[in-house]
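Engineer: Full structure from sequences and hints, please.
One letter stands for each residue in the lines below.
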Amino acid sequence: MSTVTPVRAPHTSGARATPGTSRRRAARREAAFGYAMASLSLIAVFVFTAGPIVASFVLALFKWDVISSPEFVGLRNFRTLAHDQTVTKSLAVTLGLAVAIVALQVGLGLGLALLVAQRRSKIARTIFRTAFFLPLLASAASISIVMSYLFDQHFGVINYYLTMLHLPAVPWLSSTGGATATIVLVAVWQQLGFTFILFVAALGAVPPDILEAARVDGATPTRLFWRIKLPLISPTVLFASVVGLINAMQLFDQPYVMTKGGPGDATYTTVLVVYQTAFQNLQFGYASAISVLLFLILLLITAVQFTVSRKWVFYS
Amino acid sequence: MTAKISRRLLLQAGAASALLAGCSSGSSSGSSGGKTLNVAFFGDQSAADKAAKAAGPFLAAHPGVTVKFTGTSGTDWNDFFSKLLTQIAAGNAPDIACVATEGLQLFAAKGLAQPLDEYVKRDASELKPFFADVHPSLIEAMMYQGHLFELPTDFNAGNMFYNTSLFKAAGVDQPAETWTKDDFTAIARKISAKGGGVVGWDWVVRLWGSWTSWMYANGGNLLTEGKWDGGDWLWNTFYPGDPAAAGRGGGWKWGDPTANSAATVEALDFMIELQKQGLSPQPDVGGGDTLQGLFASNKIGAAIGGGFWAGGLHNAGMADGSFDVQYFPKWKTQRHLFGTAGYGIFQSSKNKDLAWEFLKTLVQPATIDLLIPGNASTPTRKSMMTPQKYADTGPKNWHVFYDTLTKFDNTAPIPAPPYYNAMAIALNKRTTQAMASGNAQSALDGLQADLETAAKAG
Numbered sequence: 001m002s003t004v005t006p007v008r009a010p011h012t013s014g015a016r017a018t019p020g021t022s023r024r025r026a027a028r029r030e031a032a033f034g035y036a037m038a039s040l041s042l043i044a045v046f047v048f049t050a051g052p053i054v055a056s057f058v059l060a061l062f063k064w065d066v067i068s069s070p071e072f073v074g075l076r077n078f079r080t081l082a083h084d085q086t087v088t089k090s091l092a093v094t095l096g097l098a099v100a101i102v103a104l105q106v107g108l109g110l111g112l113a114l115l116v117a118q119r120r121s122k123i124a125r126t127i128f129r130t131a132f133f134l135p136l137l138a139s140a141a142s143i144s145i146v147m148s149y150l151f152d153q154h155f156g157v158i159n160y161y162l163t164m165l166h167l168p169a170v171p172w173l174s175s176t177g178g179a180t181a182t183i184v185l186v187a188v189w190q191q192l193g194f195t196f197i198l199f200v201a202a203l204g205a206v207p208p209d210i211l212e213a214a215r216v217d218g219a220t221p222t223r224l225f226w227r228i229k230l231p232l233i234s235p236t237v238l239f240a241s242v243v244g245l246i247n248a249m250q251l252f253d254q255p256y257v258m259t260k261g262g263p264g265d266a267t268y269t270t271v272l273v274v275y276q277t278a279f280q281n282l283q284f285g286y287a288s289a290i291s292v293l294l295f296l297i298l299l300l301i302t303a304v305q306f307t308v309s310r311k312w313v314f315y316s
Numbered sequence: 317m318t319a320k321i322s323r324r325l326l327l328q329a330g331a332a333s334a335l336l337a338g339c340s341s342g343s344s345s346g347s348s349g350g351k352t353l354n355v356a357f358f359g360d361q362s363a364a365d366k367a368a369k370a371a372g373p374f375l376a377a378h379p380g381v382t383v384k385f386t387g388t389s390g391t392d393w394n395d396f397f398s399k400l401l402t403q404i405a406a407g408n409a410p411d412i413a414c415v416a417t418e419g420l421q422l423f424a425a426k427g428l429a430q431p432l433d434e435y436v437k438r439d440a441s442e443l444k445p446f447f448a449d450v451h452p453s454l455i456e457a458m459m460y461q462g463h464l465f466e467l468p469t470d471f472n473a474g475n476m477f478y479n480t481s482l483f484k485a486a487g488v489d490q491p492a493e494t495w496t497k498d499d500f501t502a503i504a505r506k507i508s509a510k511g512g513g514v515v516g517w518d519w520v521v522r523l524w525g526s527w528t529s530w531m532y533a534n535g536g537n538l539l540t541e542g543k544w545d546g547g548d549w550l551w552n553t554f555y556p557g558d559p560a561a562a563g564r565g566g567g568w569k570w571g572d573p574t575a576n577s578a579a580t581v582e583a584l585d586f587m588i589e590l591q592k593q594g595l596s597p598q599p600d601v602g603g604g605d606t607l608q609g610l611f612a613s614n615k616i617g618a619a620i621g622g623g624f625w626a627g628g629l630h631n632a633g634m635a636d637g638s639f640d641v642q643y644f645p646k647w648k649t650q651r652h653l654f655g656t657a658g659y660g661i662f663q664s665s666k667n668k669d670l671a672w673e674f675l676k677t678l679v680q681p682a683t684i685d686l687l688i689p690g691n692a693s694t695p696t697r698k699s700m701m702t703p704q705k706y707a708d709t710g711p712k713n714w715h716v717f718y719d720t721l722t723k724f725d726n727t728a729p730i731p732a733p734p735y736y737n738a739m740a741i742a743l744n745k746r747t748t749q750a751m752a753s754g755n756a757q758s759a760l761d762g763l764q765a766d767l768e769t770a771a772k773a774g
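Top to bottom, those sequences are chains A and B.
Each step along the first sequence adds one to the number in this note's numbering, with nothing skipped, and position 313 is 313.
Each step along the second sequence adds one to the number in this note's numbering, with nothing skipped, and position 38 is 354.
Honestly, the hints are just simulated from the structure, not real lab data.
One thing to keep in mind: the hints can contain errors.
[Claimed, not checked] Per the computed footprint, the stretches of chain B lying under chain A, defined by three or more beta-carbons under 8 Å from a beta-carbon of chain A, are:
no. : segment
1   : 401-414
2   : 420-433
[Claimed, not checked] Simulated DEER-style distance windows between Cβ atoms:
no. : chain 1 : residue 1 : chain 2 : residue 2 : range
3   : B       : G512      : A       : P221      : 49 to 59 Å
4   : A       : F33       : B       : G407      : 31 to 41 Å
5   : B       : D761      : A       : R223      : 54 to 64 Å
6   : A       : G177      : B       : N631      : 32 to 42 Å
All of these numbers come straight from a predicted model, not from anything done at the bench.
Ideal Cβ placement from N, Cα and C applies to all residues, glycine included.
Structural biologist: Shown next as structure tokens:
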């Protein structure tokens, strides 16, 4: 009777492993490394985004001046909110500013992208792309400070040139119309690079054979834009509108630095109200309630945008 | 299975990190061994470093102790207070803070400031020279609900600065002490008539030294005036028989809003009228740096300023003699407003006794000079008001800075209740509304409603 010795893989010590074990270990190591890398972002999201969002919802049910202990007040903050004309007015102001800013950003961004796309010179296109994108890299607060000097009624460069042309100096930041227009102008100028780059990329992705076929069929440039390009880049228009509106509804730096919300409440945006209510009036609970309201309004607006988009956005 | 465990561990680690992050923010002066006094200073760090020199004599007398001045800049006092309160909320309360009239009641009412009564009573004989040198109105402005919360180091009353060369060019005599609102308007008209972008008068939207000075001169105020009971111990100890201390109480008690009273509306209407006539431009909101710059550039005939303008205009390049100062013009009264600043101790300080010793040092004349170098403010100690002090900076009429307090005994601090921050925001908003719309009554009706809401919220 012969004995059969099973064939085994060499297994003399733990230092050696089968190919399957090695792969599992490598996979575990890789997973651990991946989790380690992701954990930094997850912690950051948890501590700086998710945590504060949850905290805002909870805080909205309290009266808290950060110095004394929080007092649970239930929905009282929301009931007060319903009759707070300052908040109501600030929401109207913010919505007005946001609509103006988004309309200009999308319109101008698309217009500039079309103009730049027509440039044959690659260098010219690069220069324009860089020039329009650069303001986006600077902080909104820094830009607002510089703009305050440019638009200053007394020392401002703009009024200096107006006076040189024998035109009256304009109270850019201290008249209702002037302040509103200036805030919109500065916000649009700074954010324009974002929508511009989006549209440059979207227009670049339009299949050239479709455009060529349309041209062969005799489509004019105007018809080409309205019938081919715009439908094909409509998802980008939707994205730019949604993101632009969410950003614009949180407008803070420009009115805080340039007008302090004035004159009167002409540029008194909701986030400025939240800031002053929380950090100057020390009503953190009430400020959180305003934040929650703003969040819900943004959610509603975005939902409406997406619902309406089914009728005009073309997903090829 | 491994993946699930890893995720769980990851979440646990994340939660632990978050907790650690949340718990690590707090620190107190006590944790540094009880030998460091943290002082919150209104200004940038370079200004704070200069002010820190004031700690020299104290440090010499207290070896082993460290005093750390931390500067916090801001556009105005309420901006500084917001940042300071945020620091406190984060668990970084200083031992001592520089707080002006604007914030005294805010900090006292929230229980953040330590009443100094017991310390003052204990060291009464040591403090007698200080109180004898300081006008009682400045002391009373540092009291709340019968308690003293700060020893004032400097103050500024709202006087009227004027540009002597613009006055001369317009053929206007330098104003007399008893000049009136009509005299002022006539002068502003003459100076504005010269053209070239020059205006007779300019101002800043804020509580101190704004249109509110006209409101005081017109007998109005934003809030009902009253006095807290108490404080007799202080007046009887330090100001016995002093007529300037008669009627003083335990601090200013700001009552119901009166922002849309006839006198207040009339004062803001006067500003609108000056603007309509081209005698003043649209005012800026803020601390007044732009205003000083315009004044130093010979673009403004007159503007409200306090003792701090002497140093400010000198630093802006104006030579002594190119500007001067006079009392605020008389309207229904010649009542002035003022704001005073000093240093107070925080309730949370673990070094209160040491902080008190430091406070006593801060009100010595040599120390006050270091705190407000180059006439950056008016010292609260009258003995420091000398011709030598203003020899380099001017103005010639420097004596009005302090004499405002003695000459006009109805002069009072700016109305700064515990809800000062909300009030300052509302005041700025409604003033700019009035100036943009030209309707003072409507704007001040709004301010009245804002203040009523703020008073209720507390």
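Engineer: Each hint needs a verdict: does it hold in this structure or not?
Structural biologist: Here's how the hints hold up against the structure:
1. 401-414: Holds: 4 residues of the segment 401-414 of chain B have a Cβ under 8 Å from chain A.
2. 420-433: Our answer is that it holds, as 3 residues pass the Cβ test (under 8 Å) against chain A, meeting three.
3. B:G512 with A:P221: 49 to 59 Å: For A:P221 against B:G512, whose Cβ atoms are near 53 Å apart, the range 49 to 59 Å holds.
4. A:F33 with B:G407: 31 to 41 Å: Since the Cβ atoms of A:F33 and B:G407 sit about 36 Å apart, the hinted range of 31 to 41 Å holds.
5. B:D761 with A:R223: 54 to 64 Å: 57 Å, holds
6. A:G177 with B:N631: 32 to 42 Å: 36 Å, holds
In summary, this structure violates none of the numbered hints.
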